Amino acid sequence: EDEVLFCRTMNGVMKNVSHLCSRNRSSVWGAEGWKKVVVCVVSDGRTKIHPRTLSVLAAMGVYQEGMAKNVVEGKPVTAHIYEHTTQLSIDADMNFRGEEKGVVPVQILFCLKEKNQKKINSHRWFFQAFGPLLKPNVCVLIDVGTKPGGRSIYHLWKCFDINKNVAGACGEIKAMLGPKGSLLINPLVASQNFEYKMSNILDKPLESVFGHISVLPGAFSAYRYTALQNDIHGVGPLEKYFLGEKMHGSDADIFTANMYLAEDRILCYELVAKKDAAWVLHYCSNAYGETDVPDSVAEFISQRRRWLNGSFFAGIYSMVHWMKVWSSNHNILRCTLFMFEDIYQFYNLIFSWFGIGNFYLVFYIMTTSIESVPNAPFSSNAASVIHTVLNYVYVLLLIIQFIIAMGNRPQGYKWAYLMIIIFFAILMGYILFCTAWITVQGVISAIETAESNTDARFLALIKQNTFRDVIISVCSTYIMYFVSSCLFLDPWHIFTSLIPYVFMSPSYINVLNIYAFCNTHDVSWGTKGDNSVSTDLGVVKSSKGKDGTSEVEVDLPTEQKDLNEQYEEACLELKVAPIPENTKRDAKTKQEDYYKSFRTTLVTCWIISNLLLVTIILNGQEVWQWFGDYEKRATVYLSFILWSVAGLSAIRFVGSILYLFMKIFTG
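Numbering of the sequence shown is given in UniProt numbering, commencing with residue 1 and proceeding in unit increments.
Mixed in with the good hints there might be a few duds.
To be verified - Quick list of the computed label-pair ranges, beta carbon to beta carbon:
{"hint": "1", "residue 1": "V502", "residue 2": "F665", "range": "31 to 39 Å"}
{"hint": "2", "residue 1": "G181", "residue 2": "D143", "range": "19 to 27 Å"}
{"hint": "3", "residue 1": "K115", "residue 2": "G181", "range": "57 to 65 Å"}
{"hint": "4", "residue 1": "L133", "residue 2": "I399", "range": "53 to 61 Å"}
{"hint": "5", "residue 1": "K414", "residue 2": "I651", "range": "37 to 45 Å"}
{"hint": "6", "residue 1": "Q229", "residue 2": "D161", "range": "48 to 56 Å"}
{"hint": "7", "residue 1": "R52", "residue 2": "E32", "range": "31 to 39 Å"}
{"hint": "8", "residue 1": "D593", "residue 2": "Q229", "range": "52 to 60 Å"}
Keep in mind that the hints were calculated from the coordinates and are not lab data.
All of these numbers come straight from a predicted model, not from anything done at the bench.
Every residue, glycine too, gets a C-beta built ideally from N, C-alpha and C.
Throw the hints in and build the complete structure from the sequences for me.
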């Protein structure tokens, strides 16, 4: 990360420390509160850190060039540690701020790791190297680039201070929208903004009521240090968390390796299920951290590949180990809530698995139904042609995506993915048009056939299946979105980001899921890699000649002796019969073959199960007649989908309301 991202985060942290010192009425904080805070900066690799970031740290007095050494008394150095208390803050615009601007002293511990060993190893340095020395009460984790709100760290700390059973907490993750929301012009940013907002308004509050938040975002979260500790046998949350460091090596099975792409989810589950403990996780809506979101298609797809695969396999892990919570000290009510949450998450997991089939069926049923609806917007033949064209293009693009995803990076097919996303947005528009038209015509038909009085018309509308199912589904989603957002006093994303999200939603199902499942063999974090250039063959440098042309100098073997020796060695090499090579696969090749085999099996099962669902609903052959005829199957299926959406939305809405009530009475 460059100096802008680092300063954005560091300046935000120092503002929070200043706020802690300004709370003069607090029994914990106050003017000397900065002495109770240590900011640990862990950099993942001496050769990887941005030189301008080092310049910022040097300007703050934390880092000093020339002090680090590679070897001490014959032992290689693994990390370089610097300590300093600074009262100088530098913002993202490189403006220096000191005591005159209200900056208080901040104790900084800077750990510059010698090698690039990834994120979990950096957390190991903090929790297992510095933690036992500092003995913190609360540890706040912030990724570089995330800007915490001015009072957010205080609000997170307050969660732990109020409730002694809170083991972890997180705040809202906000998408950075640029000056005056200028980035909302990009539909990709707008859709992610809406997704983040609704997750923080509906999902996180619901999970907080249950007591188990499925994931505390690594970008901005906090943990109680004592809750993280292992037992005397070395078994516990941190032990499971740091397994992720090994799960990317040669001994990792593919399921576990994918699961540890979302290692923070594993940590969250291990905390609430900790043996002989009763820890819970909490969402703090008053705390927030702002972060950049991907603004290009390729970056967006690559990021979601890790998120989707990690959350899918980590979700399976938590459900498979559902019995662990019963060995904790949680009461019966809390354990029952955990069981209900497991059922809720399992239902969501099934929906996610069949997402691609469900969307295709909704598309197929709605676009074919428009052909036979009274007062159709266009002729039956025209509707049939539109449906056929869209259907063939839809299936073709799905096939193309599988081909691309199996062996290519999104960066190599930016325009292909962009065109696919545009097609699905157009498709979504047509589905919405068909749904609205069919619903309106159903209402008109029901009213015309009903008696003249108001009660009869209302009953006729209720009995009209299409109207009832669609209206309930719409009310349970979009209206609940609006109401819950207003209750949280944050409705503006409904007006700025809802439409882009609606038109991007098919791509979340059809593009992101396909790429993620087709790349389950890739368990890399997709961030850093070894891009160094070898110099063992020598280096060629160019220089300008007298006439201005570029010239290069290359050392060539010019002595006749050297040339003759090389010739004779080559001839002798050819006369000697080669030793047969061992054709056995090495360990790395075996692992790669196993990973790809698992990927192929998983994708095959996913495709077959979704195809089977589509075939059962749409096929008119007699073999499926015991499910009823096509009209009955389609009607029942569509009702099931719409009512399921309504039910899941209702659960989220009720959880959100309960969270607000609990917030009022418990703080």
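Going down the list of hints, with the structure as the test:
1. V502 to F665: 31 to 39 Å: 36 Å, holds
2. G181 to D143: 19 to 27 Å: 23 Å, holds
3. K115 to G181: 57 to 65 Å: The hinted range 57 to 65 Å is violated for K115 and G181, with Cβ atoms some 41 Å apart.
4. L133 to I399: 53 to 61 Å: 57 Å, holds
5. K414 to I651: 37 to 45 Å: With Cβ atoms ~38 Å apart, the hint holds.
6. Q229 to D161: 48 to 56 Å: 19 Å, violated
7. R52 to E32: 31 to 39 Å: 33 Å, holds
8. D593 to Q229: 52 to 60 Å: 40 Å, violated
Consistency with the previously given hints fails for numbers 3, 6, 8, ordered from lowest to highest.
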